[in-house]
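Those protein sequence lines, which keep their order, are chains Z and U. Going left to right, the first sequence walks through residues 1 to 452 as full-length UniProt numbering numbers them. Going left to right, the second sequence walks through residues 1 to 455 as full-length UniProt numbering numbers them.
Please keep in mind that the hints were generated in silico from the structure rather than gathered at the bench. Accuracy of the hints is not assured; some may be wrong.
To be verified - In silico EDC-like cross-links for lysine to aspartate or glutamate, where the CA-CA straight-line distance does not exceed 16 Å: (1) U/K280 - Z/D197; (2) Z/K211 - Z/E287; (3) U/K315 - Z/E199; (4) U/K280 - Z/E199.
Given the structure is predicted, the values throughout are model-derived calculations rather than measurements.
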Amino acid sequence: MFSPNTYQKEIENLDSLIRLKKPIDILQFCADHFHRRLAEERIAYRISQALQSHSQLAMTGTTFTSPFAANSNPFGSDGAKLQTQTGQLLNVVEEDETDAVTSPTTGSFGNGIFRGPFGGGDASLDGPPSSVRTPPNPDSYPAQYNFGRRTSVSAESLKPVADVNDNWSPPSYPKSAEQLERLQKAIEGNFLFSHLDDEQTAQILGALQEKPIPAKDIKVVTQGDAGDYFYVVEKGSFDVYVNESGALQPGPGGLGAKVGSVQAGGSFGELALMYNAPRAATVVSAESACTLWALDRVTFRRILMESTFARRRLYEKFLEEVPLLSSLTPYERSKIADALETQKYPAGTAIIKQGDIGQSFYLVESGEADAFKDGQTESVKHYQKGDFFGELALLNDAPRAASVVSASEIKVATLGKSAFARLLGPVEGIMRRTRYVGVVSGVEDMDPLHAS
Amino acid sequence: MALLRPIFNADMFYQNNVRGSIRVNYAAARHRFMIMAATVASNPGPVPVPVQDPNSVSITAATDTAGGASQQDAHGSEDAGPKVPPQHQRVKLSDFALVRTLGTGTFARVCLVRPAVGSDENKEQVFALKILRKTEVIKLKQIDHVRDERRILSDVAGHPFITRLITTFSDYDSLYMLLDYIPGGELFSYLRRHRRFPEEWAQFYAAEIVLVLEFLHEQQGGVAYRDLKPENLLLDGQGHVKLVDFGFAKRLGSKGDRPVETYTLCGTPEYLAPEVIQNKGHTTAVDWWALGILIYEFLTGYPPFWHQNPIEIYKQIIEKPVLFPQEPPISPNAQHIIRSFCTVDRSRRLGNISGGSQQVKSHPFFHGIDWQALYRRQIRPPIQPNVRHPADAQCFDVYPEDDGKRDPYTESMNSTLLERDGQSILQKTTTVIEGHCVEDMVFSRFSGLDYDGHT
C-alpha cells in the first residue's frame, strides 16, 4: 500500500546523501542508491520471513534445514559456526551505512557489509568461530560460503634439530606386525599421510602411542577444547556428539546431538595434527575396554620436518658436487633441491638405457648402480651414495651413451630437464656465467654416458 | 586485519634491526610528543581529557594493572615531569588516548589512537596502535612470530605499499606497535561490499601486491609474507594498497649462505599452499600461490577452495584443480595467471620459476601496467576511500571495545622465562594429556618478554 511517509523518508535520505557526497554523475548515483536500498529492503524482508517460518516450523516440529552442507567429518573447527538467525537480522538492520565507495561502476550490487557480532578477526585458536554471513546475493553466490573475515591459523613454530643443537629423536612404541598393518591401513587414505615416504610412515607408525580407554562414557576429546592429538581406534567404538553452541555444555544434554560413531580402524581429530583448533565435537567411548592409538601434533610435525630437512640438506650437498652445476648460487641449489623427486628401484633395474634421449639426471641417495656400454657385462663406472649420472640430459638431447643398472635396491633423487629449465633457465646460460675454460670438454669428462 | 598477531621484544628489535629510517621517523614522532609535553608544562591549563568511548575501558586503565593507576593519574604524573631530554624519553601507553578499535584478534587488538596531551593540532595526528597481550602470545606459542613481525616490519619500512612501523614499546602485560594509521579500511570490506571486482580493479590491486612480493622476496633477500588475503590489505587515503599484519612474515633462515626453507604451518586455511599443508618445508613460493587465490577471490567474490570444514578445504587444495564458475565469466588471461600461481608443483609455479617476479609482471594479465608509474603511486586507484579527515575511521567496521578482562600476566610467568629455546617446551607439551591446560609449561619458555620502549 502506498505510504507518503515512506516516500518522503527515502527522498530526504537521498537528498542528504547527495549533499554529502556531491556526486558528479547524479543519475548514476540515484540509480545506485535506490538499487542498493531495494536490495537491503528485500534481504531484510527475506530474513524476517525465514525467521517466521523457522519458528513456525520449530513449533510444528518439522525439521529445519540446516544452512550447512552435510558435513562428513565433525572434526573441523566449524561445528560451532552457527549463529542465530536473529543475529543476522539485527545485522541487516544495522546495515544502513552510506556507501563509502565512490566508484562509477559500483552499480547494481553493494548491499553493504553484513556485520556479525564477531565481525572482526575471531580467535581461531580458542575463541568463538566466525559468524556466518548471509551472502549479499544468494542467487549467484555459493550458498554456504562464510563471507566473514577469515581467521589466521598457526602451529607451534618448529626448528629442525640441526638448527638448535638438540638431540631429538622421535618416540617409538613397540607394536606387533598386525597392529602396524592395521594402523597403516587406517591412515593410508588420509591426505595428511598419503604423501609420506616409507621412512616417514614407519616413524609415524612407531610414534603412535597406545591409550587404553577402560570404561564406557569416557570423553576422549571435548568439543571446544584445544586439540593436540589425532586418534586411531584400535578396539571398541566411540560416539561423536556436537553441541550447537560450539562447546560442551554442563548438565544433561550438554553433549549435544549424536552425529556419528567411529569403529575400530577409524580415526578422528586429524585437524589437531595441523594446528591447535578447538575440537568441533565431543567423542565418548561407547563401550568398555576400548583402545586408541594417539599421535600428537608436535611429534607428527617434527618427524616430517626432520626427515624433510635432512633430505633437503643432503640434496644440496650432492648438488654442490656436480661440476655442471658448480656455478649455481646456494639459493638456486635450494630451488633445485626443492624440485628433486625421490625414486626407488629394486636391484637390477635399468634406470637409464643407452641410446635413449636423456630427460633427467639422477643423484644416488642410497644403494649402488653400474654403468654398462654396448651390451658388455663389464661395468664402466660404479655409482654409490652421493654420485650422480645423466646430468648431460640437462644440457642437450644427445642419446644416453650408456645404461645404468641398479646393483642393489637404490634410491635416487631425480630432476627433469624441463623442470630445471623452468626453475633456472637453460643450463647453457648457467654455465656461461662461469669463466670455465673448455666448458664442453670439461662436461664430457664428467659423464661417461655422453656419446663421444 | 583478521587475526591481529603479536609483536614484541623490543630489545632484540632495536639492538639488531632498527634501520636508520625508523629512527628518523620515530625521532620525528617523539619530537611531536615533546612539543606537546612542553606545551602542557608551560601552560598549566586544564589537562585535556582523553578521548574515550563512554562504553569502553581506557587502554591505560586496562593494562596498568601493576600500578592500578587510572589514565588520568598517569597523565598527571607525566605532565608534571616532562623534564627528560627527548632522546631518553620513552613512548608509553599513557601518551595516547584511545579513539576506537579498528580490529581485533586472538591476542591482539588494533586501536586508533591520538596523542593524549597537546594542542588540538597535535591531536589531529593519529596512529594505529597494535596491542598484544603477553599472556596470550605465550599461551598460543607465537613468540617467534611476534619477534619476526617486529624485526621484519622495521626492515621493510619505506616501501610504498607496506604499512610503516613507527616504534614499539611494552609495559607489564602488553606489547605495543605504533603504526601509521591507514584510513581507507580493509580491501576485504570493499570486496564484500562490491561482491566482486571488475578485472581492471583486480589487475590494479594484484599489480601493487606483485611489487610488494617482489620487494619482500627478491630485494629483501627472501622474506615470505605467508598470510596474503583481502583482510590484510588496507587502502590508504588515496586508495593504494598497504600490506599490514606481518605476524607470520618470515625471513627464510640460512645455513652458511644458503637459504633454508621453513616448516611452521601458518596462514589462513583458504589461502594455504599445498606444501604448507603437507609440511614439506616451504619458501616464498607460498605467497605466489596465495596471490592466485586472491585474484580468484577478487574476480568471483569467494576463494576457489572452501568448505565449512577446514579439513575439506585442505583436501581440495591438495587434490583439486582450480575451477572457474560460468558466472561471472573470467577472462582467459586471468584464468591462466590464477592457474599458473595455483600450481602444486613448485617447479612450475609462476613467480617461483625462472625469472621470478619479472615473469609475473610480463604475464598478459598485467598487460598495460606501467610498473614504474605504479611504484611511484601514479596510477589512479579504482576505489577512492571516503576519508573525510586524516583521523576518520568510518571505513573500518565497528568492534566492541576492550572489556579489560583477561588472564593476568604474573611475575611467576616472568621469572621462569629463562628457558629461551622453544624445543624444550615443545617436548614438554607433547606429554600433556589431551585437554589439559599447558600454560604452566608454556610460560616457562620465555625470557625477555619486556618490550622495552626505548628506541
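Structure versus earlier hints, numbers of those that do not hold, lowest first = Per hint list: single violation, 3.
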